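> Two chains, each in its own frame: build the complex with the hints.
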Amino acid sequence: MRYETIIGLEVHAQLLTDSKIFCGCSTRFGEGPNSNTCPVCLGMPGVLPVLNRKVVELTIKAALAANCQIVRYSQFSRKNYFYPDLPKGYQISQYELPIARGGYIELEMDHGQSKKKIDLNRIHMEEDAGKLLHELDGVPADHSYVDFNRTGVPLIEIVSEPHINTPEEAGEYLRILRSMLQYLEVCDGNMEQGSFRCDANISLRPKGAPVLGTKVEIKNMNSFRNVMRALEYETGRQSSLLESGEKILQETRLWDVNQGITESMRSKEEAHDYRYFPDPDLVPLVIDDAWIDEIRSTLPELPREKKERFVKEYALPEYDAAILTATRQLADYFEECVRLGPQPKVVSNWIMGDILRHVPDTRDISQFPVTPSHLAEMLLMVDKGTISGKIAKIVFEEMVASGRMPQFIVAEKGLVQVSDEGALEKAIQEVLNANADQVEQYRQGKEKVFGFLVGQVMKATKGKANPQVVNELLKKMLAG
Amino acid sequence: MKITKHDVEHVARLARLRFSEDQLDLFTDQLNTILTDFDKLQQLDTTGVEPSTHAANLSNAFRDDQIRPSLAGEEALKNAPAHERSCFKVPRIIEG
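Residue numbers (the working numbering), protein chains in the order written: chain C, 1280 to 1759; chain Z, 1151 to 1246.
Only chain Z is shown next, with the shape it has when bound in the complex (with noise of 0.2 angstroms):
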């Protein structure tokens, strides 16, 4: 096994997440199951061939340095739950 239950549970709680005892079991074995198949993969001879971190080939996509429209008024809070005096109203995070 290369990924406990707790490792999955960790990265839960770190997305977010929650989930019931048996998705924590399924979720370890599905992942178990890829790190195995990938295991496979590290086997491959990739001597002089270069590391990609990219699926498209392409480098170098820029644009300008211009300021273009924001968008307008209070239209960015349109979607919040809470606003107030133009900010996005969250629960108070404590500093620190």
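Bound-form chain C, shown alone (with noise of 0.2 angstroms):
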């Protein structure tokens, strides 16, 4: 039987804000255990947690840029559970007036070939949990261990509906999601810290069933790569269940990295039974058309929007403006190098390869010594044809160990190119002389012996030489 794969993910996105969403603590991470905790974040009796403003702002953002509807009024819930990293013994969340509903996350799959929408359900802003630890100096403990500085902390968490329908398009989705939070500087989109997070919710049904099958929910994933090998498990495991006869069982299950499955958590059902109400300490949230539109006003350039403009404004390939837009600081730096003058194309070949190679976090970018009149400098000179572009590559290296300028660098170490005639005639004539040879091969017709000449003059010259001039010049000498 063929089946179909249904997959909805809840994102948790940790928010850019200084402190925390309901006390003044700071959301620094790596800071000493429980350093940036207070009575209201522990939870101490009596105490009243007060709305961040900027949370507001920012989630208002997000949902904007994923086309939703901003809900006039909304509201926090207590969702109730017991479990250690919870002070409380409630997580201050949204439940029946989240801030946001509807909206979607457009995809664009096989190389910008097939356009997708993924609908959201809704985008909620909540507040994290503590960390526990289970180990002392890596070896599991015989108690827990618990830091409450992530408690408090501020996310968003978006819901898709189930629309998804392979790994690919999970991943697709995430890449998306994440790109368009950190171009809003919404979240800084960390998953080995934890700032962006997914679980997905995954079911199989036979292809054309009206009604979806038993789902299941995923746990554990912190990168992309994670998400798209759980789901292609779980779709594995679902499929051979079904076939066999057997039923998929509603559950919570964690995917195991080490060994690439997903395992059952077992946990009792019943603590799935969250008693949501609405929290009597926080009055509720208005939201009028001013405020949203004065958010509205701050929104950047998006991913897409950016995309289509380097394709229509820079003549650019679809492949070369999806790399170079995918953060917004690797954008601004290919825009500034190509308004110092250089070919977009040109410019987009180098950073797509030489610096991507350099740069692993392009949000980095700032920090490369190679900046972007560096970059321009050096390919105007390839233009006017000071130093060949092979001599480039020597020159770009020489910038990321020194961070130069290719003039200095051209100069220093006589690089400049060798067009004068004369000069590369006399170097011509000595490699034919070395390779009588191969000359008479290629007077024999054997064309191929060309390009090895060619290389042979590049070697004598250390790769200074025109090589057009060079063409040019070897050509006439062997006819001559």
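Hint data in this document are derived by calculation from the structure and do not stem from the laboratory.
Please read these numbers as outputs of a predicted model, since none were measured by experiment.
Worth double-checking, as some hints may not be accurate.
From chain Z, some residues computed to sit far from chain C (all C-beta separations above 10 angstroms) [said to hold, decoys possible]: (1) Val1161; (2) Asn1182; (3) Ile1184; (4) His1204; (5) Leu1221; (6) Glu1234; (7) Lys1239.
The calculated label-pair distances, taken between Cβ atoms and stated as ranges, are [claimed, not checked]: (8) Phe1556/C - Asn1210/Z: 13 to 23 angstroms; (9) Thr1197/Z - Glu1310/C: 22 to 32 angstroms; (10) Ala1165/Z - Asp1297/C: 56 to 66 angstroms; (11) Arg1454/C - Asp1179/Z: 19 to 29 angstroms; (12) Arg1163/Z - Pro1419/C: 56 to 66 angstroms; (13) His1160/Z - Met1631/C: 57 to 67 angstroms.
Beta carbons are placed, not taken as given, at the ideal position from N, Cα and C, and that holds for glycine.
Here it is in structure tokens:
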């Protein structure tokens, strides 16, 4: 039987605020355990949470960019459960009245050949829980240890409709969503530090069947690759169960990255009875048009728009534009360089090849020693014929190492291209003399030898010869 | 009966409360009385009345995104029954 895979994703994104959602503690990552805590986020009796205005603004920003409807009247609720990472015994979240509903993320699959809209169900605000440690000094401990620094850090949860049908679509959805949130400066998107996390709901049904199959929730996937691997694995697991006539259990399963499998959490389903109710400590949130318009006016150009503009304005292939606009910082780098004069496609080639090889995270490109003006100046030297394309590679590596401007490097190392015919004729004659056999072969019609001879000339001139001039001269001299 | 004794046991378990048989019977009765009263309220015609989620007639109480001092040193741990290395120490929680 052929099955259709139905996937819905829940993404938790940490908002880029300085302080927590309901108190003034810092949200900084990596501080000493429990050093960013206060009576409010520790859940002491008698304290009162007060909502951070910036949390609301960042959420509205994300919601507008994701084409959501902003809900004019929303409310926080208590989600009740007991776990040691949750000091109050409830998490403050939104339930019946989330701040945003609907919306969509548009995927471009097959290198932009097909588009697909993934509808969103909602976006809501909530507080993060604390962190549990089960090891001391790398050894499993006989107790668990709780660090509440993360408790009360603001999150948005972005819930998709179950409109995703393959692990590849899930990966693409996450990439687009993360890039959008990074462009908006709503979330830093760091999956290892947990500021962008994803849970998945996945079910299978016979192709064309009207009702959904039993869904399984998968957690603990800390990279896009792992999300895709886990969904791949789970699709296989569920289809073989269905093939052999067995039933799928509705449960939560954890992705085990080392074994490459999902495993049942075996938790009691009862624990999912959260008994939500409106939090009486927090008054309702009323959002008017003026506030929405004000936030809308701050929205930057988003990745999709920027990509389309790059294709049009710089005549770049879709592929290049997609890579260059992956982060706002890389797109800015490209545009700044192009503004200084070099050909856009040439700049794009250098960025996609040599620069990306040196810069693993393009959001840090401002720290890269080769700035847009370094690159532009070097490319203009190639354009003018001052240096050859081959020498440019040497100049580039030198700029990476020293951060010096190309004109100094070229002058100091004597890398200026030799176009002078007299000097080149001499070098060519020497090569011809030294390779009499090959010259003879060429004259008998073995044209492949030509490339070899050009190579010898380039070698003799340490790559500084102007290849075009060499080509012309060599042809003339071989004929004569 | 809207609420059964079984429901009361379930909610008690979720709230980590342990009750005697007599208490379970008593609370089942009391909760049913409360819900019956709510049934009466449900009969009111509330057409055109906005649902309310809060008793106070207020909205939008905000603070600015400014860091304020957290508890100093290991102050946060002072009420903890057990702590070690600046962490709260709890019985081992098996993940999953």
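> Using the Cβ atoms, figure out if Phe1556/C sits within 13 to 23 angstroms of Asn1210/Z.
Holds: the Cβ-Cβ distance is about 21 angstroms, inside 13 to 23 angstroms.
> Does Asn1182/Z clear chain C by more than 10 angstroms, comparing its Cβ with all Cβ atoms of that chain?
Given that every Cβ of chain C is farther than 10 angstroms from that of Asn1182/Z, nearest at about 18 angstroms, it holds.
> Holds or violated: is the Cβ of Val1161/Z farther than 10 angstroms from all Cβ atoms of chain C?
violated (8 angstroms)
> Verify this label for me: Ile1184/Z is non-interface relative to chain C, using a Cβ-Cβ cutoff of 10 angstroms.
holds (15 angstroms)
> Is Lys1239/Z truly not at the interface, in the sense that its beta carbon sits beyond 10 angstroms from all beta carbons of chain C?
violated (5 angstroms)
> Against chain C, does Glu1234/Z hold up as non-interface, every C-beta pair farther apart than 10 angstroms?
violated (7 angstroms)
> Quick check: does the Cβ-Cβ distance between His1160/Z and Met1631/C fall within 57 to 67 angstroms?
About 59 angstroms separates the Cβ atoms of His1160/Z and Met1631/C, which means 57 to 67 angstroms holds.
> Should the hint that Arg1163/Z and Pro1419/C are 56 to 66 angstroms apart at their CB atoms be regarded as holding?
Given a distance of about 29 angstroms, which is not inside 56 to 66 angstroms, the answer is violated.
> Cβ-Cβ distance between Thr1197/Z and Glu1310/C: within 22 to 32 angstroms?
Given a distance of about 54 angstroms, which is not inside 22 to 32 angstroms, the answer is violated.
> For His1204/Z, is the shortest CB-to-CB distance to chain C above 10 angstroms, so the non-interface label stands?
About 6 angstroms separates His1204/Z from the closest Cβ of chain C, which leaves it inside 10 angstroms; violated.
> Range hint 56 to 66 angstroms: satisfied by the CB atoms of Ala1165/Z and Asp1297/C?
violated (36 angstroms)
> CB of Arg1454/C to CB of Asp1179/Z, is that within 19 to 29 angstroms?
violated (57 angstroms)
Checked against the numbered hints given earlier, the structure breaks hints 1, 4, 5, 6, 7, 9, 10, 11, 12 and satisfies all the rest.
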